[in-house]
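Residue numbers (the numbering used here), protein chains in the order written: chain A, 135 to 489; chain B, 1316 to 1825.
Because the hints were derived from the structure by calculation, they are not lab data. Please note that the accuracy of each hint is not assured.
Taking lysine-lysine and the DSSO-like style, the derived pairs with C-alpha atoms no more than 27 Å apart in a straight line are [to be verified]:
#1 B:K1322 to B:K1562
#2 A:K336 to B:K1678
#3 B:K1737 to A:K149
#4 B:K1348 to B:K1780
#5 B:K1809 to B:K1821
#6 B:K1632 to B:K1424
#7 A:K420 to A:K467
#8 B:K1322 to A:K337
#9 B:K1503 to B:K1679
#10 B:K1725 to B:K1737
#11 B:K1679 to B:K1600
#12 B:K1480 to B:K1688
#13 B:K1322 to A:K420
#14 B:K1725 to A:K149
#15 B:K1688 to B:K1348
#16 B:K1424 to B:K1391
#17 A:K420 to B:K1469
#18 B:K1424 to A:K337
#19 A:K297 to A:K336
#20 B:K1678 to B:K1600
#21 B:K1461 to B:K1423
#22 A:K467 to B:K1348
#23 B:K1322 to A:K371
#24 B:K1424 to B:K1376
#25 B:K1503 to A:K336
#26 B:K1632 to B:K1688
#27 B:K1348 to A:K336
#28 B:K1600 to B:K1348
#29 B:K1679 to B:K1737
Some chain B residues judged to face chain A by a derived CB distance under 7 Å, without partners named [stated by the list, open to error]:
#30 P1319
#31 A1332
#32 P1363
#33 S1393
#34 R1394
#35 G1396
#36 H1397
#37 I1401
#38 E1427
#39 R1428
#40 E1431
C-beta: ideal position from N, C-alpha, C; glycine also.
What follows is each chain in one-letter form.
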Amino acid sequence: MLALGKEVAIGSVDKELRLLWEQDKASTNASLINLAVYSEEDGAILKNSELVQEITREHACRAILIGIDRDDPEASIRAWITAHCHLSHGRKSVCCEQIAFQLTGRATGRLRNTVFAHLNSDLPLVFWWQGELSSIFSERLYSLIDRFVFDSSQWSEPAESFKCIEKALQDAGELMPMDMEWTRSYPVRLAVAGLYDDPLAKKALEHTSSIRITVHPGHRMAGLQLLAWVIQRTGWKPSMDLGLNTANNDQYYFETHEGSDVMAVVETDPSAAPVAGLEILSPHCKVSVTHEADSPYLHQLLEVGCHRIERSTPAASDDSAELFMDHLSRGGKNSLYRMMMPTFLGFLGVNEEEI
Amino acid sequence: MNNPFRKDLVSRSQPEACTVVIFGATGDLTHRKLIPALYNLQVEGALPAGVKIVGFARREKTDEEFRSGLEEINRKVSRSGHDDEIWTAFAQNIHYHQSEFQDGDGYKKLAERLDEIDQDRGGKGHRLFYIASAPSFFDDVLEQLKNAGLNECKEGCWSRVIVEKPFGTDLPSAQHLNEVVNRTFQEKDTYRIDHYLGKETAQNIMVLRFANAIFEPLWNNNYIDHIQITCAENLGMEGGRGGYYDKAGALRDMVQNHLLQLLSLVAMEPPTDLSADGVRDEKVKVLRSLRQWDTPELVAENVVRAQYTEGHVDGEKRVGYREEDRVDPESTTEAYVALRVMIDTWRWSGVPFFVRMGKQLPKKATEISVHFKEPPTVLFNALSGGVPGGNVLVIRIQPDEGISLRMVSKIPGARLRLEPVKMDFHYSTSFGKGSPEAYERLLLDSMAGDATLFARRDEVEEAWKFIDHIEHAWHESDTPPPVAEYVAGTWGPKEADDLLAEDGRKWRRL
């Protein structure tokens, strides 16, 4: 636990933090958000300290790491403090505080009181939940959170977990959800939007006949969200109530405003990148965005009539810290995600009345 | 039909694919600013697919030679670094067109080439003409564009022009240029670029004022004593700049455009909306309300001009202005100017704005400082030392963009002793990621048809009207105010200090 810094008594966290700053007069303490990183995975707290080290390069925050072990018979809370420092533009040393808490056994019930007593006042709380949702994700917790970050690719029962998220959104109107799977598909969405700036491609959209989305099997949620985005944006209607779900792909049918039938497939490929491609075909137009596994580039292709555009842009990294930073940089209210959700939940077979 | 995938994806107007034609394509601006800006937009995925770039210049070059020259500089200056694969794809869309600026045939061939590009792209195409050539060619380029019919867009398309500063050298030349521009392009399609307005902090002025409830109630003559706008440069006439500068001077080069634009953002009333005309309507009202210094006596009272003499900056010896390369040894052109500006509106009545710009000053810095009135002194005036100055809100434009607020605080201890303390917000500390270059934002805005951050015709002309009176007093009156002197590496002439000292004020120490 040395990497977490100095172990301190729970009642002395604030005092010890003050001492930390008094020892180092050359650094600037910066913070724009409270960032809580929560995990129930064994040893995650050390890994998360490294993630926070990365994140604080771009996003000054007070970081609160939370490690939970509910199965430990002993009830205990331990705390460590440290600071992550970086040279800003080669000149000034800018530091961000980190407090790490390890809660075990019955002490996990004291999470809210212990941890949230150490938030920086007036700054928003971004809560990054890692892994499966558990009973700790309750109204008592999410009512304190401004932005809730999760990764649905880590869920074994996504439909059930998304129901919990939806319920939280109904209970806490101000809560902003952010799914890492949605962030993974951002560069592809941006590329598709760019290609459809082309007037001929735009014209061909209503004559679309097929959509093919390829994802890694671990990122089916990203594929379905990408499809839900296309459908919500175009306003096309489903032409069959249920999609077909075979071993390797989900298949859906839609109808465009001009009456074209569209077959959409979300297929998985174990050798593919997390979000490996999106292809939209119509009789005279092909729009394709592909990301080869291990390639740092996204290849974009537009073929419409005799006109062809090909270009490369940087692909998203699948590194958790990078994805998280990418999301924070864009900020906003994630309204597009909220708009896409009803269609996406429909793909998962979640009925809004069930929530 | 709008692109449904663009909507809500990014919170800004949607840029449209177009062909960007750059006049003066072999110049520094194209190599160091425009192409790196377009490249960085491509890297960020913000450049619409299908954007083509055609460089127009007089020198003979092939497409390949042109691309390789651009690549060499991009490697050195690109904000996001240089990636060979992305550059290769990007460079395929860059072409070179050789022609004299006055050669009608060159423009006809350009029109044919643009038609070919449009055809490759499937028929119609938007066009963005960027005039980055020397100002003496502005008229020629615009007239020839019109003769070749390039100012007219095809149905459903647009044709826009970006004009680089200087927009004229005085009011008549600006009016002439504007007439030529407006004979060729409609005002709504004319984008007069002022890269200061593309800087993050300049854009943040409106946010600071109108998105924070605590400042606007104080933003008037009841609470503000005066405002200072400073643009300090620690360089002189390096790189042969003396030839241009000696004809222009600090007032024309910086004050007429950049600093008066900043002043209007600081002083304007809240716009009714954030549309281009909503904002620019309010900015132009400020310029219209500037009190005119229209006699040599008024200029002498309110404006100081100066030249630097030999001195040291950053430990290096610097020659005096008149000894600089390509500067007339008898020159009376100002390398420093300081002005008292009064805005005759209800809000600003009696509040002076002090604007200064100078070369060979101790450091490079541009900032706006809002100096609030001192509080009633009944409580603390009896203390030894009194109250150490009023509150000062500083908006730093460059470098180290940020905002700070000076307040008065009690020094810990048994005695009641007051000292100023500073609350400081630095963009670089709070937001680790670098800001985009001003040209990136402005190029994207022009592709999206958003002219908010560009100067409108009336803004330019009102600014010249104010500047012309001063220039006239300096260069055409029988009793021109004197040219003061300051040693290179100091903060300007004593006369500029006196301008503030008359009312018991002083320049903020940067």
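query = Are B:E1427 and chain A close enough, Cβ to Cβ, to be under 7 Å, as the hint says?
reply = violated (18 Å)
ask   = Can the restraint linking B:K1632 and B:K1424 be considered satisfied, given a maximum Cα separation of 27 Å?
value = Since the Cα atoms of B:K1632 and B:K1424 sit roughly 51 Å apart, the hinted pair is violated (cutoff 27 Å).
inquiry  = Check whether the Cα positions of B:K1480 and B:K1688 lie no farther apart than 27 Å.
reply    = Distance of about 37 Å is beyond 27 Å: violated.
query = Within 27 Å, alpha carbon to alpha carbon, are B:K1725 and B:K1737?
reply = Status holds; Cα separation ~13 Å.
ask   = Can the restraint linking A:K420 and B:K1469 be considered satisfied, given a maximum Cα separation of 27 Å?
value = Holds. A:K420 to B:K1469 sits at ~26 Å (cutoff 27 Å).
task = Sort out whether A:K149 lies within 27 Å of B:K1725, counting only the CA atoms.
result = Judged against 27 Å, a Cα distance of about 23 Å means the pair holds.
message = Hint validation: B:S1393 versus chain A, beta carbon distance must be below 7 Å. Holds or violated?
response = violated (13 Å)
task = Compare the distance between the alpha carbons of B:K1322 and B:K1562 with 27 Å, and conclude whether the hinted pair is satisfied.
result = violated (48 Å)
request  = For the pair supplied as a hint, A:K336 and B:K1678, confirm whether the alpha-carbon distance does not exceed 27 Å.
outcome  = Distance ~52 Å between A:K336 and B:K1678 Cα, so the pair is violated.
key: Proposed proximity, A:K467 with A:K420 (alpha carbon, max 27 Å)   = The given pair, whose Cα atoms are some 32 Å apart, is violated under the 27 Å limit.
Given hint B:K1376 paired with B:K1424 - CA-CA distance at most 27 Å = Given that 27 Å is the threshold and the Cα spacing comes to 16 Å, the pair holds.
query = When you check the alpha-carbon spacing of B:K1679 and B:K1600, does it fall within 27 Å?
reply = violated (30 Å)
Violated hints for the displayed structure, listed by number in ascending order: 1, 2, 4, 6, 7, 9, 11, 12, 15, 16, 18, 19, 20, 22, 26, 27, 28, 33, 34, 35, 36, 38, 39, 40.
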